[in-house]
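J.: Here's the letter readout for the chains.
Number of protein chains: 2
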Amino acid sequence: MDHRESDEVVESSVGGVAPGDMESNASSFFDDEEMGISDPLLRWQTGNTTSQIAVVGANVCPIESLDYEVVENDIYKEDWRSRKKHQIFQYVLLKWTFALLIGLATGLVGFFSNLAVENIAGFKWLLTSNLMLKHRYHEAFALFAGCNASLAAAASALCAYLAPAAAGSGIPEVKAYLNGIDAHPILAPSTLFVKIFGCIFGVSAGFVLGKEGPMVHTGACIASLLGQGGSRKYQLTWTWLRYFKNDRDRRDLITCGAAAGVAAAFRAPLGGVLFAYEEAASWWRSALLWRTFFTTAVVAVVLRTFIYFCRSGNCGLFGKGGLIMRGVPFKILHAVAISLLTSCCSYGLPWLVKCTPCPPDILDQCPTIGRSGNYKNFLCPPNHYNDLASLFLNTNDDAIRNLFSGGTNNEFHISTLIIFFAGVYCLGIVTYGIAVPSGLFIPVILAGASYGRLVGTLLGPISKLDEGLFALLGAASFLGGTMRMTVSVCVILLELTNDLMILPFVMLVLLISKTVGDCFNKGVYDQMVKMKGFPFMEAHAEPYMRNLKAGDVVSGPLMTLAGVEKGKGFTKERVSTGAADVLRRFDPFDFAKAGSGKGVKLEELDIDDAEMEMYVDLLPIVNRSPYTVKETMSLAKAAVLFRELGLRHLCVVPKSPGTSAFDILTVENLRGWMRI
Amino acid sequence: MDHRESDEVVESSVGGVAPGDMESNASSFFDDEEMGISDPLLRWQTGNTTSQIAVVGANVCPIESLDYEVVENDIYKEDWRSRKKHQIFQYVLLKWTFALLIGLATGLVGFFSNLAVENIAGFKWLLTSNLMLKHRYHEAFALFAGCNASLAAAASALCAYLAPAAAGSGIPEVKAYLNGIDAHPILAPSTLFVKIFGCIFGVSAGFVLGKEGPMVHTGACIASLLGQGGSRKYQLTWTWLRYFKNDRDRRDLITCGAAAGVAAAFRAPLGGVLFAYEEAASWWRSALLWRTFFTTAVVAVVLRTFIYFCRSGNCGLFGKGGLIMRGVPFKILHAVAISLLTSCCSYGLPWLVKCTPCPPDILDQCPTIGRSGNYKNFLCPPNHYNDLASLFLNTNDDAIRNLFSGGTNNEFHISTLIIFFAGVYCLGIVTYGIAVPSGLFIPVILAGASYGRLVGTLLGPISKLDEGLFALLGAASFLGGTMRMTVSVCVILLELTNDLMILPFVMLVLLISKTVGDCFNKGVYDQMVKMKGFPFMEAHAEPYMRNLKAGDVVSGPLMTLAGVEKGKGFTKERVSTGAADVLRRFDPFDFAKAGSGKGVKLEELDIDDAEMEMYVDLLPIVNRSPYTVKETMSLAKAAVLFRELGLRHLCVVPKSPGTSAFDILTVENLRGWMRI
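Line by line, the protein sequences are chains D and U. For the first sequence, the numbering used here assigns the number 51 to the initial residue and increments by one for each residue that follows. For the second sequence, the numbering used here assigns the number 51 to the initial residue and increments by one for each residue that follows.
Errors might be hidden in some of the hints.
Copies of the same chain are indistinguishable here, so a pair counts whether it falls within one copy or spans any two.
Dumping the calculated SDA-like pairs for lysine to any residue here, alpha-carbon to alpha-carbon at most 20 Å [unchecked claim]:
#	residue 1	residue 2
1	Lys582	Ser332
2	Lys145	His590
3	Lys135	Lys514
4	Lys145	Ala472
5	Lys572	Gly617
6	Lys135	Asn571
7	Lys295	Leu150
By construction, these hints were calculated from the structure, which means they are not laboratory data.
Kindly generate the complete structure, drawing on both the sequences and the hints.
T.: This is the structure:
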């Protein structure tokens, strides 16, 4: 906390002012209409004004932020003035077309993931149970564990070598991007590829993980790919694609993608819209409600169409359209080890429980052999079933369906439910750490449903309610306690079960579990955002920020440029060439923000010595009306401005009205503060 | 557009700067930490700087706006610094308690409205049908029309004499309040009283109107009453009540009230939350989602409990818990005339259609006499029913239920559906103009359902789908086209019908009807807000606002006060007494905003001549860090600030950095612009 440290911090925070993308840098600065050509565009305060209190926590965040502010410069003004009606129409039409494309693509990916998982996993179950019917138990286990281990190795190899960013749920990453954090690999095409195939292999491998988180990430990646504004490499350079070269439109597209992902994973279109609003998005406009609604409706229609097509038997052995899915050598070994553990649990634990006779009225459905169903035979004598095998030796989807099924009281023994709950809970926790795309919804629902069914069985003699309802409420309570979502979990569960009479119960359970959870910590996605080191900006300022002034935490000293500056030049004389000249030479799209990872770096610019002696007129491209605050404003109040308006920089003006020096408060600075 | 006109406009706009509430006036001005005691708190630009373009549309809005800005003055800072943990806990607890109370009260009101309507209307139908069974048709009509006319007169008399603001739906009023428009009678206790009883009488009178709009208004009124911060008149002056003396907390409470209203009207708790978000609120925080969710859950529980209680026959003849409910002598005559017209249609039109034989398989349910049901006898021979009477001579709830009922294809003739559609459509339009509390949902659903059923009957030979489904889709299309809501209408319809399989159809129909409607005009509530003259501030700036600068439309000349000013005084000397003195004399609650209509008026202040010569120190109570923009900022960008942050005033600083003169841009000014 000595002076040396404070100097270092201040110097290192120069980087906070938009290094890398030159155009947004130049255009965010402050200027006056009739400013002289050699006046600096921005005057900084002389001396170190950063107070000693402020320096303590000033760990400026190294990740760049997205910028949602409208840069009002001459080019921008001329651009919208010259926009014709058909261009505006084209822009609006394009937004809807992209929403349609996102819905179509996400629906297709969701459907094919389901289909692939069901066919791979179904084939695995079939082979294993055939061997077991022939009493070749050791071979059966070897085959079962071998299949699982190979699939797990394939999934984690994809993750480890191709796209490490694709591991895990993906919801924290999407949440971070929508909070304005621009970490490039989050939404890269390689991430998309690994997310899809890693998820298929991971879920087929029988891990206790789900496919909803990865589907959300997949939807966001698809949207981001569409929003890149074309690609020079692949000759996709149509003019209309370029309309989306700004962070605001990309943010909207990716919000639609996240909603489409949930809609595809759960076949819950309304749930998708509400998830995007409640959990994923940091900025939301009512127009987005309408657009995400359209996207998820498209997803729902695509899924229905394909499932209808599959009913006629065109989709392989097992294509029924289910509910669910889920680091270099060490990472792969880790995944294989967890896979073996999961295989042992799935195959080994059912040997521990006794066989149960089938209920006499449903002997046609009980027991089931080889295929999915409520009553798995697993080594039992005829007309008996093994209730633990019905849960463990099944896809996660089928296990959940079995737990939720109504009218089947006493199907599962108390001991079975305790073993399954403990097993799934522990496996879920260790599985989430491995390097494959993995969702959290399914493990949480599995654990919650078995817990709820356990409570229902224990209370059975008193409550006389259906045990399937208890399982559902258990799942709701675990979801509410883990993710702290209310409306969207409610709608997703309703859309899954198609039963609205349970709504008040689900609401009550969610309220209680969220309230209890909130007493201890934040939701799981918020914690993961923090653990992954994303500098998330909360909607509300921390209490201590009221004690700080905006002037206390500004970045400085600033780099300043005069109105007409030396550089790769246009004229040999230092005169303002005026807006007309610049407008003739440049197109607004030259200043549009490039897609992720595609911007021109400062180091890549090729400026020769002669050019270094020429002058460039910056006046027409600077932002004439940036947002400003007085340095006496509390940091809490300034933080509200950043969050509500999606700013990246804020000019801090001094309290004495006579001087005209400025400081800059960057959102990176603020994010650093919030991480303390 | 001559200079005289421009001067007038500028002078009249002085009123825009918060007349009436002295404390917010003084505290919104600009100040500097070390400002001298006789320096003006705000320097205004000399001369008329309002440009000629800007004057054209400068019709400053006369209605005051609410202010959601945090006023950072010494008193405020001292207040939160001194807040203890138990006080913060008390504040949070209180918010939830109020949410609970709103839910309880709105649920109760909703239930008792239903009960009253069902008993009054049921008794009326019973008397009428008894007379008709005795073939005394003229007496039956006289009784029917007489009952309706008296109820109509009662409803409109209440409205005309007690609370004219209670007429109509109430949703536009709530929407306007939540947009920051402070028109006092909107949420007054008298409005609440008339809304409840006017609605009961109006719906009982058989008008083609619904009770959901009035329920939304009722919920908002209840919330507003709770948020008044107690009442000195009724000795309700507990300290904890005073925490809510600011516009932000009141806004949140009233949003909860609006959600509770929808939840009570439709028994659709999720629909209520989404309605509040999608249609009612202009400012929303994710914390509100959680709070409205709680409130509507309480409403759902209250309604279920009471309906359960009523099943045991404790609630009069007709208490089944239905779906629905709806100016001086001329206003009353108008209402009575429409009532007679409605009576004539209801009683007269069924004479025009032929009797239909009952379907042979449900002879126990068909025909029904006197009570509600699908098959009304109405003068037909035994085992026959009159299908038009089944729609017209019924409560609106029952008519909708009949239209939605599945498995009843061919129950209604095409001619019947055409007559009913035309009748309801025209009656709905003329009814909405009368002075009784009236909702729009029910007429729209009635017209849409009969239209949908008509289409279904026409397409019957081709589609082979259930006509009840067509009725539902017709209702969805009319709702989407009228109100332009998507997600909330979807959820409300799902919660009404308890059938999730129709979701993709409903989504598709809503998308189409909203898109078609949006090509022509805005939604009905937006149009009503405009017709009622509320200066609604849209989320998006109009395109022409990009052509204007913030400096073009400022209010001026400003009234300025020096740091220490003459007035009802504290000291005889013109010295700054400092914050400590002021903090000793005043409590933060002395500067809290009073409840609607309760603030101290400037004219009511009693200042004698001696006091006029004394000095008052304004420095500790002025806002030290108001939001500011440069005068070159486009009006569109400034409007975003107003809307996102809920501001009432914005300081406009001049472009030349050397001067320190300021202007004020008020939200009233901006609202005036948006009305052009």
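J.: Does each hint hold? Answer for all of them.
T.: Hint check:
In the homo-oligomer, the alpha carbons of Lys582 and Ser332 lie at most 20 Å apart inside one protomer (18 Å), although the nearest pairing across protomers, at 34 Å, exceeds that limit. Taking the shortest Cα distances, Lys145 and His590 sit within 20 Å of each other only across copies (17 Å), while inside one copy they are farther apart (31 Å). Taking CA atoms no more than 20 Å apart as the test, Lys135 paired with Lys514 passes in neither setting, with 66 Å inside one copy and 44 Å between copies. For the identical chains of this complex, Lys145 and Ala472 are neighbours neither inside a copy (48 Å) nor across copies (39 Å), given an alpha-carbon limit of 20 Å.
In this assembly of identical chains, the alpha carbons of Lys572 and Gly617 never lie at most 20 Å apart, being 50 Å within a copy and 51 Å across copies at closest. For a Cα distance limit of 20 Å, the shortest separation of Lys135 from Asn571 across copies, 18 Å, qualifies, whereas the shortest one inside one copy, 51 Å, does not. Taking CA atoms no more than 20 Å apart as the test, Lys295 paired with Leu150 passes inside one copy only; the shortest distance there is 19 Å, against 47 Å between copies.
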